[in-house]
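Student: Now for the letters of each chain:
There are 2 protein chains.
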Amino acid sequence: MNIYDVSKKANVSIATVSRVLNGNPNVSDKTRARVLEVMENLGYTPNVFARGLGLNTMRTIGIMCSDSSDLYLANAIYYLERDLRLNGYDSILCCTGYELETKQKYFDLLCSKRVDAIILAGSKFIEPRPKDNAYIQSAAAMIPIMLLNGYLEGENIYSTICDDFAATYHAASQLIRSGRRKLLYLYTSTSYSGANKLKGCQAALKDGGLCLEPEYIHQCRKDITAAKELLLSLREQGLEFDSILASSDSLAAGAVKYAHAAGISIPDELSVIGYNNSILSRCTDPELTTIDSKVEALCASTVNTLMGVFGGVNVPSRTTIAADLIKRATTNF
Amino acid sequence: MNIYDVSKKANVSIATVSRVLNGNPNVSDKTRARVLEVMENLGYTPNVFARGLGLNTMRTIGIMCSDSSDLYLANAIYYLERDLRLNGYDSILCCTGYELETKQKYFDLLCSKRVDAIILAGSKFIEPRPKDNAYIQSAAAMIPIMLLNGYLEGENIYSTICDDFAATYHAASQLIRSGRRKLLYLYTSTSYSGANKLKGCQAALKDGGLCLEPEYIHQCRKDITAAKELLLSLREQGLEFDSILASSDSLAAGAVKYAHAAGISIPDELSVIGYNNSILSRCTDPELTTIDSKVEALCASTVNTLMGVFGGVNVPSRTTIAADLIKRATTNF
Numbered sequence: 001m002n003i004y005d006v007s008k009k010a011n012v013s014i015a016t017v018s019r020v021l022n023g024n025p026n027v028s029d030k031t032r033a034r035v036l037e038v039m040e041n042l043g044y045t046p047n048v049f050a051r052g053l054g055l056n057t058m059r060t061i062g063i064m065c066s067d068s069s070d071l072y073l074a075n076a077i078y079y080l081e082r083d084l085r086l087n088g089y090d091s092i093l094c095c096t097g098y099e100l101e102t103k104q105k106y107f108d109l110l111c112s113k114r115v116d117a118i119i120l121a122g123s124k125f126i127e128p129r130p131k132d133n134a135y136i137q138s139a140a141a142m143i144p145i146m147l148l149n150g151y152l153e154g155e156n157i158y159s160t161i162c163d164d165f166a167a168t169y170h171a172a173s174q175l176i177r178s179g180r181r182k183l184l185y186l187y188t189s190t191s192y193s194g195a196n197k198l199k200g201c202q203a204a205l206k207d208g209g210l211c212l213e214p215e216y217i218h219q220c221r222k223d224i225t226a227a228k229e230l231l232l233s234l235r236e237q238g239l240e241f242d243s244i245l246a247s248s249d250s251l252a253a254g255a256v257k258y259a260h261a262a263g264i265s266i267p268d269e270l271s272v273i274g275y276n277n278s279i280l281s282r283c284t285d286p287e288l289t290t291i292d293s294k295v296e297a298l299c300a301s302t303v304n305t306l307m308g309v310f311g312g313v314n315v316p317s318r319t320t321i322a323a324d325l326i327k328r329a330t331t332n333f
Numbered sequence: 001m002n003i004y005d006v007s008k009k010a011n012v013s014i015a016t017v018s019r020v021l022n023g024n025p026n027v028s029d030k031t032r033a034r035v036l037e038v039m040e041n042l043g044y045t046p047n048v049f050a051r052g053l054g055l056n057t058m059r060t061i062g063i064m065c066s067d068s069s070d071l072y073l074a075n076a077i078y079y080l081e082r083d084l085r086l087n088g089y090d091s092i093l094c095c096t097g098y099e100l101e102t103k104q105k106y107f108d109l110l111c112s113k114r115v116d117a118i119i120l121a122g123s124k125f126i127e128p129r130p131k132d133n134a135y136i137q138s139a140a141a142m143i144p145i146m147l148l149n150g151y152l153e154g155e156n157i158y159s160t161i162c163d164d165f166a167a168t169y170h171a172a173s174q175l176i177r178s179g180r181r182k183l184l185y186l187y188t189s190t191s192y193s194g195a196n197k198l199k200g201c202q203a204a205l206k207d208g209g210l211c212l213e214p215e216y217i218h219q220c221r222k223d224i225t226a227a228k229e230l231l232l233s234l235r236e237q238g239l240e241f242d243s244i245l246a247s248s249d250s251l252a253a254g255a256v257k258y259a260h261a262a263g264i265s266i267p268d269e270l271s272v273i274g275y276n277n278s279i280l281s282r283c284t285d286p287e288l289t290t291i292d293s294k295v296e297a298l299c300a301s302t303v304n305t306l307m308g309v310f311g312g313v314n315v316p317s318r319t320t321i322a323a324d325l326i327k328r329a330t331t332n333f
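Quick mapping for you: the protein sequence lines, in order, are chains A and B.
The first sequence: position 160 = 160 (our numbering), numbered continuously.
The second sequence: position 120 = 120 (our numbering), numbered continuously.
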């Protein structure tokens with residue numbers, strides 16, 4: 001949407017729209033009111049105008065995240081905001097929730113604000129059905145789209161990704177090497193990142209001569225108590241497991257709670273590995289062995305890539321960063 | 001700073017500045033370059049111009065927080081952003097760190113962006129020396145300043161505060177009533193909120209016929225391990241205590257770690273109470289009794305008050321919200 005849409009809709013010339021925006025008194029009150037009303041209806045903001053004028057940039061980056069109170073995303077926002085500001089850019093934050101429709105709405109809103117780029121923080125923004133991502137690809141025709149730990153093919157779309165596959169492959173391999181044979185995999189999200197975590201775990205088991213049977217893969221709300229309850233009920237159903245690899249520290253913290261409730265000793269009888277190396281991993285007792293998904297490095301790389309794009313540098317469309325396994329007290333290796 | 005400053009500094013007429021902003025070709029390249037350079041030097045952004053024109057507002061609120069990765073502030077940002085958006089406002093986020101100079105710089109930056117109001121999230125923005133807060137008071141002459149859990153006297157400054165005094169008073173009273181006599185108080189910040197927490201605790205002890213001696217008041221970095229180490233060293237020095245009231249869940253989580261390390265049973269030998277009812281309080285074992293400081297309600301009230309200010313409604317300059325004591329397993333009441 002641009003100044004032409006406004007002029008067409010208001011049935012006035014572009015010069016008139018421009019006069020209204022300039023506060024030029026040479027416009028009748030009635031026309032001014034109509035133009036302003038159309039702008040409001042179209043969600044047209046003066047930023048668009050400012051950009052259409054001599055000044056080419058607002059030096060503002062839109063950041064979208066599903067939920068800023070999520071520990072991982074809270075850290076991501078902190079690092080992104082800091083690194084953008086160091087480069088002289090402001091950020092406008094939108095917390096979108098998890099519904100596709102809402103995400104699209106906020107995305108359009110940011111576009112209409114004429115931000116210089118949009119960063120989609122977290123892997124929740126890429127939908128499984130290609131057509132549901134078309135709105136992102138078409139926006140990329142106008143401004144760079146940066147994906148933080150998500151991946152989408154497309155011109156002017158840049159991804160920085162943690163190597164989740166290698167991370168869970170390594171963690172599961174370590175569990176097998178330490179003698180574990182019955183690994184339970186707990187996850188919340190089926191996003192790009194989530195899918196890779198599961199694949200890495202499956203590959204490690206396969207390479208270890210084992211198999212991750214469907215009854216050993218369980219989805220669970222990202223909530224400590226929910227994970228604890230799920231594990232208690234699995235145990236009650238007779239499922240036997242000697243190790244848990246979880247796609248987040250919240251789920252792993254729930255596994256520790258489960259072990260306490262069931263009188264199971266960690267790590268003697270049960271090994272637990274979390275994901276993200278969040279503050280939760282140091283709160284549980286014993287403290288969690290966890291995968292450090294390097295959110296600070298991911299944010300730095302995302303901002304660096306973006307600055308490269310702005311500077312006309314030839315940057316890679318995809319950057320992968322290796323995770324670390326942080327060994328604490330919930331594993332015996 | 002406004003269009004007049006630009007015209008003066010660039011030694012051109014306001015009409016010329018306006019022409020540059022409008023992309024009007026009727027300006028020499030040399031003049032255009034000079035005006036753009038002055039704008040850049042002055043940190044003048046087109047937003048200012050847009051506002052100076054027919055459209056009176058960018059519908060954008062500046063949010064400042066010291067650190068968005070802090071659990072309390074991460075939640076505050078989430079709720080503020082959500083509630084502002086529900087009212088049709090965007091937010092620009094600045095994470096400022098803890099240095100006065102940096103805070104002032106970001107504050108000025110937001111003002112120069114012509115935001116419609118600034119929300120200072122968290123009590124870290126108000127300095128003990130009145131002259132260090134003068135910059136906030138003078139900005140309030142132009143736009144409303146909203147303090148989330150901070151307090152500063154002044155026209156056009158609005159505070160929404162958790163009743164920290166009553167919260168710690170109640171918590172400490174409960175500890176005394178449950179038979180505790182040697183209360184240790186752990187805190188990180190000496191902010192307005194921090195001071196009230198300490199005062200509430202002191203008042204409760206006094207009213208219970210006890211006294212909070214200086215050796216029972218300890219400052220500690222907001223870090224689980226730091227708190228644990230501090231408590232271990234206090235114990236080594238022979239300090240005896242049967243209960244800990246902490247100004248954050250991080251410190252309280254450290255107290256739980258300390259008890260484990262020292263072989264002390266919670267809550268039989270030691271009671272622990274945290275602050276904020278954060279996710280940490282459900283990670284520790286046993287789970288923390290903690291004060292719920294009602295961040296969601298504080299944010300809702302802050303945004304409501306701001307909308308009242310915009311709407312010309314007579315709103316209170318100070319709103320106080322009561323905290324809740326959430327009883328879990330680290331206390332015996």
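Calculated directly from the structure, the hints in this document are not laboratory data.
Don't take each hint at face value.
Now the stretches of chain B that chain A is said to cover, found in silico as 3 or more residues with beta-carbon under 8 Å [unchecked claim]: (1) 91-105; (2) 255-261; (3) 283-293; (4) 316-323.
Note that beta-carbon positions come from the ideal geometry of N, C-alpha and C, so glycine has one too.
Student: Against which earlier hints does the structure fall short, listed by number upward?
Tutor: 4
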